[in-house]
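**Student:** Build the complex from these two chains, which are given one at a time in their own frames, with help from the hints.
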Amino acid sequence: MVQNLNYIPIHDYLIFCSALFCIGVTGVLIKRNALVILMSIELMVNSINLLLAAFSAYTNDPAGQIFVFFIMVVAAAEVAVGLAIIVVIFRTTHSIDIDVLNKLKW
Amino acid sequence: MNTIIALTVLGVAILFLGILKKNSWLLPTILAGIPIVLILTITGWDTNRHYFNDMLIVDNYAVTFNSVMIFSTFLIFMFAGKYYHLVQRSLDDIYAIVIFALVGCVLMTSYGNLIMLFLGIETLSIALYILAGSHKESITSNEATLKYFLLGSFLSGFLLFGIALIYGASGTFNLDGINSYVINHASHLPPIFKAGLFLMIIGLAFKIAIVPFHFWAPDVYEGTPTLVSAFMVTVVKTASIIALFRLFSTSFSAVKELWEPTLAILAVLTILVGNFTGLYQTNLKRMLAYSSISHSGYMMLAVIAFSHSSANTLLFYAFAYSVATILAFGVLILVREAKGNDLFTSFRGLAKRNPVEAFSLSVAMLSLTGIPPLAGFFAKYYLFFTVMDKGYLWLMIIAIVGSAVSAVYYFKPVISMYLEEGQEFDLKAGVAYRMSLLFLAILTVLTGVLPFFLINLI
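Protein sequence lines correspond, in order, to chains Y and D. Position 20 of the first sequence, counting from 1, maps to 20 under the working numbering, and the rest follow consecutively. The working numbering runs 106 ahead of the 1-based position in the second sequence.
Hints are computed from structural coordinates only; laboratory data are not their basis. Since we're looking at a predicted model, the values are computed, not measured. Mixed in with the good hints, there may be bad ones.
Unchecked claim - With the C-beta cut set under 10 angstroms, the calculated list includes, among others, these residues of chain Y facing chain D:
#1 Y7
#2 I8
#3 V81
#4 I98
Claimed, not checked - List time: in silico DSS-like cross-link candidates among lysine-lysine, alpha-carbon distance up to 30 angstroms:
#5 D:K242 with D:K127
#6 Y:K31 with D:K242
#7 Y:K31 with D:K253
#8 D:K253 with D:K242
#9 D:K127 with D:K300
#10 D:K188 with D:K127
To be verified - Short, incomplete list of chain D residues facing chain Y, as computed with Cβ under 7 angstroms:
#11 K242
#12 G277
#13 F279
Where a beta carbon is used, it is the ideal one built from N, C-alpha and C, also for glycine.
Just chain D, same shape as in the assembly (with noise of 0.2 angstroms):
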C-alpha cells in the first residue's frame, strides 16, 4: 500500500514539475524518488497486511517482486537521459505514465481480488497503449501502438469474460474465496467455471505473450520507442507472469489437473518458437523480443512446477533476466543512435574503439543464453531443477534444448562486434552512461557468483 502511494505521490509530483517548467529537475527528482520508493517498500517484509477486506496483499512474495521491478525502472530511467537528450519538448508526461504503470504493475503482484487484478492490468495496459505510441511522429510507433491497443483490448475481453464466468460459478472475486470453492466442488466444477479459467488463461497469455498469443509481442517491441520496449520486456513481463503465478497458486491449484496440461503445451510452444524464430532475426530489437518470448516460456515452467520454491526461482529468473535485459537495450539505444538501425551489421568493429560497450553487450547476452558464472546461468540451473525435481523430465529437456538454440542467435551480435571487421566509430556514450552499463554487467556477474543472497529469499 505504501508503495502504491508513495509511486502515485511521484507521479503526480513529476506532473507538476511539469506544470512549473522545472524540466532539469524529472530525471533527478525519479531517480531520486525510486530509491524512496523502493525502500518503503522493503519495510513492508514480514509484515503480512491486507487491504481494503483482502483486496490487496502486501506479503513477502509481493513485496520481493514489487522490489524487483522498481529496481528495474530505476535501472531504465539510468538510461532516459541520453535517450532524451535530443528532445526538445518537456518529457514529464512520459516519466510520468512510466511510473503510473508501474502502479499498475504493483497491483499485479499484490491483488487479492480478481477486480484488483483486472484494474491493475488496464492501469498498467492503458499507460503502455499512451507509451508505445510516444513517437507521433514515427509511423512505425503509430502502427505499434494502434496493434496494441486493438489486441490489447480485444483479449482484455476474454479476460474479463473468464471473470465474469468464474463469479457466477463461484459467487466470489476474492482469491481464497474461489479457491475454498475449488476445493469443496472439485470433482463436480460447471462448465462455466472451466470456460472460465481457460478465457483467463487466454486473457493472461496474451499480456504475458505467450505463444500463440505471442504475435503482436515483435511488432509492438520493435515499434516502441527503445526505452519504453526497455520497461515492456521486463517490468511488465515480470509483473505479468507474476499475476498468472499468483492466480494459479492460491485460487487454482486444487484443480491442477485442469489446466497444467493446457499450460505445459502453451510454455512449450513458446520455448520453441521464440527460440527458433529468434534465429532469422536480423536485427537486436527484434531478436530481444523473441528472447522475451522465450524467457516467459521458461518462466512458465515455474508456474507449472508449482511449488514452495518456485517463487523464489521465479524471483531469481526475472532478476537475472531484467538486469541482462536492460544491459542489452542500453547498449542498443548508442547503437541505434549512432548509426539509425539495429541491425547486427552495425555491430561490426564495435569493440575496437567501444570496449566498454561492447564488454557490457557481451556479458548480457553470455547471461541471457545461460553461460556459467552468470546470473542467467544459475537462474536457468534453479529453474530447470526445480522443474526436474517435481517430475517434468520432458519439460527440463525441451527447455534445455531451447536454451541451446538459443545460444546461435545470441551468439550473433557478440561474433559482429569482437571478430568481424567493420568501419570504426565511436559511440560517444559519456562517463555517466558507460559507468551505468559496467554497473548492470558486473550486477550480472556478482549475482552469478554469489547467488545465495536472491534464492533463499521468500
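Okay, chain Y solo, but in the shape it has when bound (with noise of 0.2 angstroms):
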C-alpha cells in the first residue's frame, strides 16, 4: 500500500488536499443552511486526514496516522454535539437557516 502511494509524489497530495480544504472553505461561507455548512466542515477535516496519512507514510512516521484516529474520533464527538444543536434550533425557529439567527449583533 505504501509502496503504491509513494508513486504519487507528495507534491500532488498538497496540492489536492488543500483544494479539498478550500472546497470546504467555500462551502461553509457561501452556504446558509446549518446542515450543509456542517457537511463542509467534514469535508475540510477529512482532506486534513489525507493529508496526514500522506506525510505519515512518506516520512515513514506512524504518529501523522495516529493522529488520524484521533481526529476521526474527536469529528465524530463534534458531529454528535453539531446534530444536537442543530435540531434544538429547529425546535425553537422552525428553521435550520442561519440568517434567523440574527437577535445577537453589535
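**Tutor:** Following this line, the structure appears as C-alpha cells:
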C-alpha cells in the first residue's frame, strides 16, 4: 500500500488536499443551511486526514496516522453535539437557515 | 497527570450522583472536590515530570497555570447555587461538563505534543458548545451555541491544517522536535512550514478571540447563560493564551522574526478595537465581553515580549483578570435576576440598599481599569514593564492609550450605582453570596497590596 502511495509525488497530495480544504472553506462561507455547513466542515477535516496520512507514509513515521484516528474520534463527537444543536434550533425557530439567527448583534 | 485523573473522577462522580438523584449533594461535592484537586495539582510543583513520550509535560509552568484555572472554576462554582436556584431539574450534566471542560483546559496548559494541544482544545470546545446552549428554551442561548459551534469547528479546521503542514515539514508533532527542526533549518524554512505557522495562529487567535477573529465572541458571551460566560471569559481565555504562549515559547522561538510582526499587529488591533467598541455598549454583559477581548490583547503582549519573566507576568495578569471578572459576573448574576436585564440603567441607585454588591462591582471595575492599589494595576504595571524592557515602546504606548480609553466604560456602572438616582431595590443576595463577593473583593485588594507572593513564582 505504502509503495503504491509512493508512486504519486507528495506535492500532488498537497495540492489535492489543499483544493479539497478550499472547497470545504468555500462551502462554509457561501451556504446558509446549517447542515450543509456541517458537511463542508467534515470535508475540510477529511482533507486534513488524507494529508496527514500522506505525510505519514512519506516520512515513514506512524504518528501522523495515529493522529488521523484522534481526529476521526473528535470529529464524530463534534458532529454528535452539532446535530443535537441543530435539532434544538429547529425546535425553537422551525428553520435551520443560519440567517434567522440575528437576535444578537453589536 | 494527577490533576487530569482527579478532575475526570470528580466529573464522573457528579454524573453518578445525578443518576442516584442526590441533587442536593452536587454542589457540596464539587466545592469539596475542587480544593482536593487543587492540592493534588500543587503537589506536582518542582517535579517536572513527562508522561507518555513527552505528550504531557507537568512542569512548574503548567502547575501554576492549572492552579489559577482550577481556583477560578472554584470561584465560579461559588455562584452556581444562586444562579441555578430556580431550576427544577437535576444539574449534574451541566456541572459535570464544566469539570470536563476544565480537563481540556488542563491539557492545553501541559501539552508537549501538537496532538495533545488539539485534543485539549476539542475537549474544551465540545464541552463549551453544550454549555453555551444549556438554556434550551432561550433563543439567544440557541443562537449563541450555533454560532459558536459552526465558527469553532470551522476555525479548528484551520488549526488542524496548520498542524498537518507543520508535521509535513518537520516530520514530528513533538514541541521540542519541532524546535530542533526550526533551529536546524532556520535560514531555509519551506513554504509549507510558514503556511502552517500562520494557519495555527489563525486557529488559536479564534479560540482566544483576537481581532479580527473576535466577531463571534460578544454574541456568544452575551447569549450564553451568565455563569457559563463567566467560565468562558476567564478560565477558557487563560487556557487559550497559555496554549499559544507554550507553543511559541518552545517551538517557534528560534524564528521569532517570522511571527512577531503578525502577533504584534493582532495584539494592537485587539487592544484598540476591543476598547473602542466597548465604549458603545449599553449593557454590562456585552461590555464585559469586549473587556475580555481587550484583555486578551494585553496578554498577547506578554507572548510577544517573550523572556524568562514573561510567564510570571502572564500568571499574575491572568489571576488578577480572572478574579476581577468573576467578581463582576457575580454581581451581574444578581442584577439580571432582580431586573431581568443588565443595562447600565438597571444599576441606578444600587448602592443605597446593597452596599456590599455595589462595593464589589466597583472594586472589580477599578481593578480591570488598573487603578492602584488593586491587583489589576500591578498586573498591567508588570506587563507594560516587561514589554518596554524588551524594547517595544510603541506597543506599550498603545496599550496605555487603550487602558485609558477603557476607564470610560468601566466607570459607567460605577457612576450609575453611586451617583445616579433610581428606583431603590433589594438584590436579596443572601449572606453566603455576599460573603463570596466580599472574599473576591478582598482577594483583589490583597493581591494588589501584596503582589510579591505571585510575581516571582515560576
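**Student:** Does each hint hold? Answer for all of them.
**Tutor:** Hints and how they fare:
no.: 1; hint: Y7; in the structure: 18 angstroms, violated
no.: 2; hint: I8; in the structure: 15 angstroms, violated
no.: 3; hint: V81; in the structure: 5 angstroms, holds
no.: 4; hint: I98; in the structure: 7 angstroms, holds
no.: 5; hint: D:K242 with D:K127; in the structure: 22 angstroms, holds
no.: 6; hint: Y:K31 with D:K242; in the structure: 25 angstroms, holds
no.: 7; hint: Y:K31 with D:K253; in the structure: 14 angstroms, holds
no.: 8; hint: D:K253 with D:K242; in the structure: 15 angstroms, holds
no.: 9; hint: D:K127 with D:K300; in the structure: 53 angstroms, violated
no.: 10; hint: D:K188 with D:K127; in the structure: 20 angstroms, holds
no.: 11; hint: K242; in the structure: 6 angstroms, holds
no.: 12; hint: G277; in the structure: 5 angstroms, holds
no.: 13; hint: F279; in the structure: 6 angstroms, holds
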